[in-house]
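A.B. asks: Letter by letter, the chains look like this.
There are 2 protein chains.
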Amino acid sequence: MVQNEDGRLKARALEVIPNGLYGHLSVKMQSPRTPQYYKRAKGAYLWDYDDNQYIDYLCAFGPNLFGYGHDEIDAAYIEQLREIDTATGPSVRMVELAEAYADQVSHCDWTMFCKNGTDATTMALMTARAYREKRKILIATGAYHGATKWCTPMPEGTVTEDHAHHIYYEYNNAQSLRRAVEEAGDDLAGVFATPFKHEVIHPQQLPDEEYARTARQLCDEKDALLILDDVRAGFRLDRDCSWEKIGVRPDLSSWGKTLANGHPLSCLMGSDRAREAAGKIFVTGSFWFGAAAMAAGLKTLELIRTTDYIERTIMLGDRLRDGLEQVSKETGIIIDQTGPSQMPLIMINDDDGNRNMPACVAFCDGLLDHGVFFHPFHNMFITPAMSEDDIDRTIDGCHAVAKKLPSIPMPEVAL
Amino acid sequence: MVQNEDGRLKARALEVIPNGLYGHLSVKMQSPRTPQYYKRAKGAYLWDYDDNQYIDYLCAFGPNLFGYGHDEIDAAYIEQLREIDTATGPSVRMVELAEAYADQVSHCDWTMFCKNGTDATTMALMTARAYREKRKILIATGAYHGATKWCTPMPEGTVTEDHAHHIYYEYNNAQSLRRAVEEAGDDLAGVFATPFKHEVIHPQQLPDEEYARTARQLCDEKDALLILDDVRAGFRLDRDCSWEKIGVRPDLSSWGKTLANGHPLSCLMGSDRAREAAGKIFVTGSFWFGAAAMAAGLKTLELIRTTDYIERTIMLGDRLRDGLEQVSKETGIIIDQTGPSQMPLIMINDDDGNRNMPACVAFCDGLLDHGVFFHPFHNMFITPAMSEDDIDRTIDGCHAVAKKLPSIPMPEVAL
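So the protein lines, in turn, are chains A and B. If you read the first sequence in our numbering, its first letter stands for residue 1, the second for the next number, and so on. If you read the second sequence in our numbering, its first letter stands for residue 1, the second for the next number, and so on.
Chain A with its partners taken away, still in its complex shape:
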């Protein structure tokens, strides 16, 4: 694997972009060989500027639901673009897509479209506060709900007041949630929850049903709104809201990433209970009403409804999981796999159960030579565009790297 051209691009970028890159795509916490720029994406694959090909287990950190450069979805986008996209009013695509979501997602009676996942979580927060003019917002400690003033995980550029009226509770802990609700007293506006615990580095946890039901019950008792942040997991776990299978319906749900298979589209969905409150807040964006991404969203939803993409994704994810368990057994390297099969977090632990971060970085670094792109500490995503052979080649690569892992020089990387 050569990285000459990628290295040149990284150097050029350093001149005209702070730190060369920012946000979740930055590879500065990964091994120095990790490619930062890509020239082509198709199906499950990425190609960097040195013509190395990778099976991409990040899937653009979620948006790639059906495969990069999906012919039907992109054709829907382009066809719409030729008629109308961003204009002085929306097109009928907006009404059609809001109707389709109301049909598809059990708790959804209405939709407000936007561009970032953070737009949708911010609209949820504002709607919850507008609902009964209360202020307290409950958030699980460590949960990621976006990256703007009130929710960015880093303190730089924020002030204490950005977190005013936030109360934190422990995810999956009904007791902790009850205590936080008590602390909010008569001022409870809303409770945020991710569909499962999907933070970086920490083992992922599926939702505890008692916790989820308690959240619903407490919001009903206090006349507050339950917000499910489905930006990362939406339409990957279910063809409905991610808590539908456990029988808990939120009042608001935030969506993004997968909605249009990579075309920029996010939204807030809500139930009738929250409609009036949502209609009070003033939020907008220059490109929120563009028709092309909505046309792509309609085509994506059609594929969600009519294909076995979830079942296939689970099958592929299970195949990978089983294979890596075998690799772990055969090599003695502890590969810790958590979360749903579609969105695995795969990390290397020490014998004592602690994360071995340098080993995680070295493991991903080694996989680059096998044409596999893994992330050392962020959950990954499976796409049905992967083939069984892709999974098997990945397992083989993991086996080869794991065998050599104790002797691989740990990459120099600040963690």
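The hints are all genuine.
Cβ-to-Cβ under 8 Å is the rule here; a few derived chain A residues that face chain B:
1. Tyr22
2. Lys39
3. Tyr49
4. Ile78
5. Gly89
6. Gly285
No lab work stands behind these hints: they were computed from the structure. For glycine and all other residues, C-beta sits at the position ideal for the given N, C-alpha and C.
Guided by the hints, dock chain B onto chain A, whose structure is given.
C.D. replies: Only chain B this time, still in chain A's reference frame:
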């Protein structure tokens, strides 16, 4: 003009979108006949679902810089989409566009891309606070800097703390700005300014040079950052930052709308002075690094550099302005025109100089029958895709409507 199908769409939308629509594109404060949905856009024209054609003076509220459905720009978008768009890393387009902005915009040494204008203003605010870890942000009263918690013009869904450490001053008033800087004391992080005063309803004002120079000087004295919010005006007034002509360079400038002629793209540009601070904040978005909008941005910038689009826009704007002055003289209707020729605010005043809001609404309503889309209280935008004949037809329409204005029944609309 019939509006049957648009009326049906409005009714359908009411079921699945709060209030039928939200944000700046909502026509609920305009006449009931105002179309809300459009099926086609090309050049300077829009077509609604009843096949009425309009010369569109809103230009998507800014994004339509070179004409809707611009062949070259859309081709650049589509060509890039076929290679790679939203993926696990950006493409070389991101580096190229950041380099191109550093070449084109005098104060710009680096760029951070995003999707909403509000993303860019929020990043500016956070960067200013990260710069010297100070908190106070100066904002001109009534200025629009986006629509999220800290800046939305409406209070619903916000809390007092969303405005913590904001200090308000009067635009174009150096004295007022000095007082606000004094109030900030040792805690001044940054000063926001729009390139000119472009609020709804209020007469637009070009920047007072003393005010602009004072803003620069005070930021230098206090080691704070000067932020020019060029989201609405950027690349419409100048091929550089909008204050370049008056010799005032900001440390940060926020851009959006026009950057990719309607494709979703915004950004924060900054000088070396602000680079380290910008590199500290954690902000990101699922679609911020998509290559297709950046490819469209590169093509848009090429047209900005190589065509006479600004000169043509000014010529068309002046032709409209002169024509409406004549209409005003001939009909006795007071048509108040303020702001730069490219972005006129056109409103009807009473003899006493006050806004006659029902007349503004009735005026725009009447123009619909002449195939002209005007906004009753928001600044409008001229595109070089308009022809001289479009402008002349608009003036004729304005003449016909103004002549009848005193007798037009005022539309029933809540203002």
